[in-house]
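Protein chains: 2
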Amino acid sequence: MHLITPEIKELIGEKDYTALQDIMTELLPPDTAELLQSLEHEEAIELIRSIPPDRFSEIFSYLDNEYQILILQDLTVGRLKNILNDMPSDERADLFLKITPELKKQLFSVMSEEEKKDVEKLMQYKEKTAGALMTTEFAKVNPNMTIEEATNILRKTALKRETIYYIYATDDRDRLLGVFSLKDLIVAPADKTVSEIMNSNLIKVFLHDDQEKVANVFKKYDLLALPVVDNFDNIHGIITVDDIVDVIEKEDTEDFHKMAAVGAMSNAYLKTPFSMVAKKRIGWLLLLLITYTVSAQLLEHYSYALESVIALAFFIPMLSGSAGNAGTQSATLVIRGLATGEIKFQEIFYIMKREIFMGLTLGTILGALGFLRAYLMQGNPMLGLTIGYSLALVITIATFIGSILPLILHKTGIDPAISAGPFLTTILDITSILIYFQVAKVLLGLVQ
Amino acid sequence: MHLITPEIKELIGEKDYTALQDIMTELLPPDTAELLQSLEHEEAIELIRSIPPDRFSEIFSYLDNEYQILILQDLTVGRLKNILNDMPSDERADLFLKITPELKKQLFSVMSEEEKKDVEKLMQYKEKTAGALMTTEFAKVNPNMTIEEATNILRKTALKRETIYYIYATDDRDRLLGVFSLKDLIVAPADKTVSEIMNSNLIKVFLHDDQEKVANVFKKYDLLALPVVDNFDNIHGIITVDDIVDVIEKEDTEDFHKMAAVGAMSNAYLKTPFSMVAKKRIGWLLLLLITYTVSAQLLEHYSYALESVIALAFFIPMLSGSAGNAGTQSATLVIRGLATGEIKFQEIFYIMKREIFMGLTLGTILGALGFLRAYLMQGNPMLGLTIGYSLALVITIATFIGSILPLILHKTGIDPAISAGPFLTTILDITSILIYFQVAKVLLGLVQ
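Chains A and B are the protein sequences, given in the same order.
Just so we're aligned: 411 in my numbering is position 429 of the first sequence, and the numbers increase by one with no gaps anywhere.
Just so we're aligned: 69 in my numbering is position 87 of the second sequence, and the numbers increase by one with no gaps anywhere.
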């Protein structure tokens, strides 16, 4: 994409509008959006003038919210009206959530009553719920209509985007009765009624359902769209699969960041300002630094042991490191299982049992090797035993804690993703120092 | 789902087939698949008998490959034929990739020549490419047909699953000329031709394209399906969005596991046998244990320093831990940016510059705190300076390495995900010990 940016800049400079128009009709909307965002502001505004209003409305949807807000101010009232009317209702509400009250007032002044009501309604739903994700544009028909009547209605309405692949049958009070696909409609004889072809065994989600739950329903049933209902089974909107792809990606990114002890960022990395990234990172680093003072204190407490057997210090990284690695493995497996819906809290006892055996298996192997290594390096069998035995113990405990902690956090409503990575390794650092020196005290006969 | 398992078990025991049939018609295919997999083998076979063959074919697609193979042997030839005929062609090929040559021969004996050829063709594509993902079932028409003719053809064919929302216009040699949606078809006048309504500005992928690239095309253009072509622009199949949702999830899971130093598992955690999980985990743990012997050796080398200032040992976890945390943050931000397509290798110089500043910022803050902490705890200003200065240096380096390493791995074709987590922290462990003791030697005037 960036490849044609210089060429476009030149054409804008030369005011060669015919050439620009030719290129613009060739480019697909997402590509045009990318192009616009790579231009200087003035150039972008110039280029937008050579794009027909209808086409620009489509392009507008692919721009980042920040960029949308930036150029909104420079558009003519006519274009503004067009865009606000053509935007999918969920995206329009997202935009309104991010603008100032002044801009909102300005935009409302060019919108119809119906559009304003739609925005206000969608804005009320909590972020990351089905209500906030849904679009209010969808195809609905009466179940008593014939296929021919339904087809005619669909021809006249719902011409926007990928929202009419499923058609919903509702009664006069918008109660959801059934669903059928465009495919069903095409193959059905014209004189059958909607109620004859519709499927009333409906999969649906509720307005306040969490987006992660919605994503899991999509994945399980391989759907293109899902109706959103209230407690009275009235349909309020639909969620389409392209939005769910974005949700899955965003949720995963959030988990990745949390597991690396980076605070959640609403934007992509390179687009987030330096100071914001620094702020998101320093908080966790400081907290972790403070917990390391606990390990420093602990080591000071055991300095008598270090002074009599200095070699004990050599293996501190090996012990706390291995504990951290084994714990992170367990935690990641469980966190990912919870996120994809594979693991449920009820399985905690099975997982506990499995992970204890896993810890014992891994701990025994690593402990044996640690013993050999320390014995060969230092020629002291009791030191070797101290390392080996501590390693085995520490790894077993780390594996156990790593698997259980995310389950407990998940149960208490905290995102389990924060329990892997630095947070866990710091806890395990302290645990392993404690165990190591207790074992050393016994096996090496150290006294304070 | 599991809620009704006991009830079903009871009905199977009582051989109450009418009640079972009633429940089965109520349940959706993915739910029935889940139910079957929660039953004993004998019970499942019994239950399958009460499901009509057509419906069972649909359910079969939702079963795990392992389970499919398990029950294939117990099905009648009639059911087998039905299932193998009804399965989406991509899923059928996936199944064949996992079975023994004997079972393949057995299944081939009940399949038509055409089906066998289709399986052989799809099996030849490398895993994780567009060719391996695509299904060979899609709707195609000639561009010279009228809308009415095209509609009639669609009524007669392509009745399987969500594969006809886009219809492809091809010439006699299967060369891809254009695409239109079912929606376009419905709203178009019956006497127009396909070439008048089709869009010839096509988005497509090639047979050997990597699945991650395919996923990014889907995300960018908000598509429901994407045609797969060869170098001569002949269409071989289509990829549907539900498969892409699975791809995104699987790729992310793989990245999570790699970042936690767990070998890639083809299955979900709980379904992977204990011994397999242990094998996937022990490899990395052993490798990391060996690298810890390097840090042990290093510390032994510096034991003269530890002996003269034992307090140096207290802060080893703080230094290597903070380095690991800062490095993991950077690496995760870059790895995720690469995976979502936000970050490209060309931006390496910008990222380098940004991360050096980031490292200096974070390092200065943490270093100042580390200085204070060590000074207050030990009352030795030079020791405080050693900790503070080392922390600042180590964090700057860790931030830099953490951000650059994934970019370099990505460039050389290695999955950057392995560069975060334990692998990186181990490298940084060693780096931080080296820096720490070099700084200590200078500031504390230690000599060997």
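These are calculated hints, taken from the structure and not from any lab test.
Treat each hint with caution, since some may be false.
A pair counts as met if it fits within one copy or between any two copies, since identical chains are not told apart.
Claimed, not checked - No farther apart than 25 Å at their CA atoms in a straight line, the calculated lysine to aspartate or glutamate pairs in the DMTMM-like style are these:
(1) K108 x E24
(2) K86 x E(-8)
(3) K253 x D156
(4) K253 x E329
(5) K103 x D192
(6) K174 x E329
(7) K195 x E130
(8) K201 x D228
Starting from the hint list further up, note which numbers the structure goes against and sort them upward. 1, 2, 3, 6, 7
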